[in-house]
Amino acid sequence: MNTDQAMKSANTGFDVIVVGGGTNGLSAGCYLGMEGKKVLLLEALEKVGGMASSGYLIPEAPLHLVHPCALDMMSMRVHAQVPIELQLDRHGFRSVELTPGYVYLHPDGSSLVFWRDRERTAAEIRRYSANDAQAFLAFMGVIDMFLDIALPMMRVDPARTNLGAKLKLVATALKHRKLKPELMALMTGSAHQAARERFEHPVTVSAMCALTGLAGDISADGGGIYYALLGFLHRFGVGRVVGGMQQLSNAMRARLEELGGEVITSATVTEIVSRQGQVEGVRLADGRQFSARAVIAGCHPKVALEMVSEGEIPRQLLTRIAMAPANAKGSGPLKIDLALDGQIAVPRFEAARGDGLDLRKACLLIGTEEAVLENFSACARGEIPRLPYITTAAPSAVDPSQAPEGQDVLYIYPPVMPVNPREGWDAVRERVADQVVEQLSAYVDGIQGHVLGRWIEAAPDFTARLNTVNGCVVHIDTTSLRSSTMRPAYGLGGDTLPVAGLYLGSAGIHPGGGVNGMAGRLAAKRVNAYLRKPAK
1 MNTDQAMKSA
11 NTGFDVIVVG
21 GGTNGLSAGC
31 YLGMEGKKVL
41 LLEALEKVGG
51 MASSGYLIPE
61 APLHLVHPCA
71 LDMMSMRVHA
81 QVPIELQLDR
91 HGFRSVELTP
101 GYVYLHPDGS
111 SLVFWRDRER
121 TAAEIRRYSA
131 NDAQAFLAFM
141 GVIDMFLDIA
151 LPMMRVDPAR
161 TNLGAKLKLV
171 ATALKHRKLK
181 PELMALMTGS
191 AHQAARERFE
201 HPVTVSAMCA
211 LTGLAGDISA
221 DGGGIYYALL
231 GFLHRFGVGR
241 VVGGMQQLSN
251 AMRARLEELG
261 GEVITSATVT
271 EIVSRQGQVE
281 GVRLADGRQF
291 SARAVIAGCH
301 PKVALEMVSE
311 GEIPRQLLTR
321 IAMAPANAKG
331 SGPLKIDLAL
341 DGQIAVPRFE
351 AARGDGLDLR
361 KACLLIGTEE
371 AVLENFSACA
381 RGEIPRLPYI
391 TTAAPSAVDP
401 SQAPEGQDVL
411 YIYPPVMPVN
421 PREGWDAVRE
431 RVADQVVEQL
441 SAYVDGIQGH
451 VLGRWIEAAP
461 DFTARLNTVN
471 GCVVHIDTTS
481 LRSSTMRPAY
491 GLGGDTLPVA
501 GLYLGSAGIH
511 PGGGVNGMAG
521 RLAAKRVNAY
531 LRKPAK
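First residue of the sequence shown? That's 1 in our numbering, and the numbers climb one at a time after it.
Worth double-checking, as some hints may not be accurate.
Below, computed lysine-lysine pairings styled on BS3-like, alpha-carbon distance capped at 30 Å [claimed, not checked]:
#1 K38 / K533
#2 K525 / K168
#3 K166 / K525
#4 K180 / K168
#5 K166 / K180
#6 K361 / K47
#7 K533 / K166
#8 K178 / K166
Calculated directly from the structure, the hints in this document are not laboratory data.
Produce the entire structure from the sequences given, and follow the hints as far as they go.
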């Protein structure tokens, strides 16, 4: 039986098929379900969530909840309309705000708290330098201008005219025209340059480098936009899902099913079937086939386009997406989760502060200016960095249900490790994990001698488990040249592709990475408009 006969004879027709059950795929499915569309979502793993998942992954510690990728909810607080529009609270989704969200720890025992209140953050900086505190508040004016311009455009389809959003942009630019030179310097320069231009104290400079390094290479031109993290932190705060990140993904699945959508897990798509420039459905690894008028790829754009039937996507576009930057500078995160038989503590830093602040509940940033720069340069050479640059948090400190009473699970995220170390990750994975834990133990008590078990993933593990490219958790690197309709690449970021009815809907398109569901929301709107057209 040929493909046409098989797809027409099987009672497997849908309006839309979504490939990939991460938060963007789930979001797309929900929004289409709200429009009355018949939706099928296919997920290769045994549960939905993708990068927004959690589970009991350490055999030696079956009651310690592990977040193998995303933990914090800043991005969805920026795009808070998604959980509200999808009514996720009715399906068990609940989050709390971290107070404070991020705390920088310096090797000399100093700390700098990034409060949601910028004045309180300035007061922190003032403990080290009055000039830096004043410069910080002035800098926030530039960052505010950037956000006031960027946010309206992040929330709309860049392929549309968006006159209202553009008028807001113009109004913001006119209102703050005196800051335009500062904004241009920020957007074209590096994050490191921006810190060095404004701040003088090592603690302030290092804290800025450690924060912006979470977004990308702080020495790269154009990386000044990474300070959007600082703006988001102050404007929206940092959240954490109660019960673990899986609760978010489960709530989205429940909403989709409530709307009549069907979800199939452990279902690997091997082909997005297209004939003469028109999508027809998908084929699974087990031979099953499903038909639909439209397909949304909630997976990496490169993976998606390479699944389309041979000859349907022009060669130049396949080449273009294959060469789109994904951890292109040679660095990507390492992820280590530790199950502990006790609780962590940060007594040296708390004593130095003397204000009674409980640092256990914050996300801790560790890494001097020198260390952050060394980490990026070492990774570019395929070497394991020598100096500690680590982000860590104890989810169980905020939500005790995530570990047995009196114990912690520790989330360790060195954001800059080589994608392809010279020796290969299979040879160095355990040794590097030991190094990171030892480095972290110089800052955090209660780790050494208290580890029940651990979970480790490096770039190749992210690639294999999440079907991404080079272990890139945001699919395509965040740069000014990979935004709007240029994300993931020229000719692939608009509202049409060479195959009619095929749409991209992952972190690899506008507005980019982060757990927020906005790319799925955008894809759903595009598909809904397409489905209004008469079928050919």
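Hints and how they fare:
1. For the hint pairing K38 with K533, the CA-to-CA distance comes to about 16 Å; that is within 30 Å, so the pair holds.
2. A distance of roughly 22 Å separates the Cα atoms of K525 and K168; the hinted pair therefore holds under the 30 Å criterion.
3. Distance check on the hinted pair: K166 and K525 sit about 20 Å apart at the alpha-carbon level, within 30 Å; holds.
4. Between K180 and K168 the CA atoms are separated by roughly 16 Å; this keeps the pair inside 30 Å, and the hint holds.
5. A C-alpha spacing of about 17 Å is found between K166 and K180, which places the hinted pair at or below 30 Å, so the restraint holds.
6. Proximity of K361 to K47 is assessed by CA-CA distance (about 29 Å); at most 30 Å being required, the pair is judged to hold.
7. A threshold of 30 Å between alpha carbons decides the hint, and for K533 with K166 the separation of about 28 Å falls inside it, so the pair holds.
8. Restraint check: the Cα-Cα separation between K178 and K166 comes to about 19 Å, which is no more than 30 Å; the hinted pair holds.
When each numbered hint is compared with the structure, no violation occurs for any of them.
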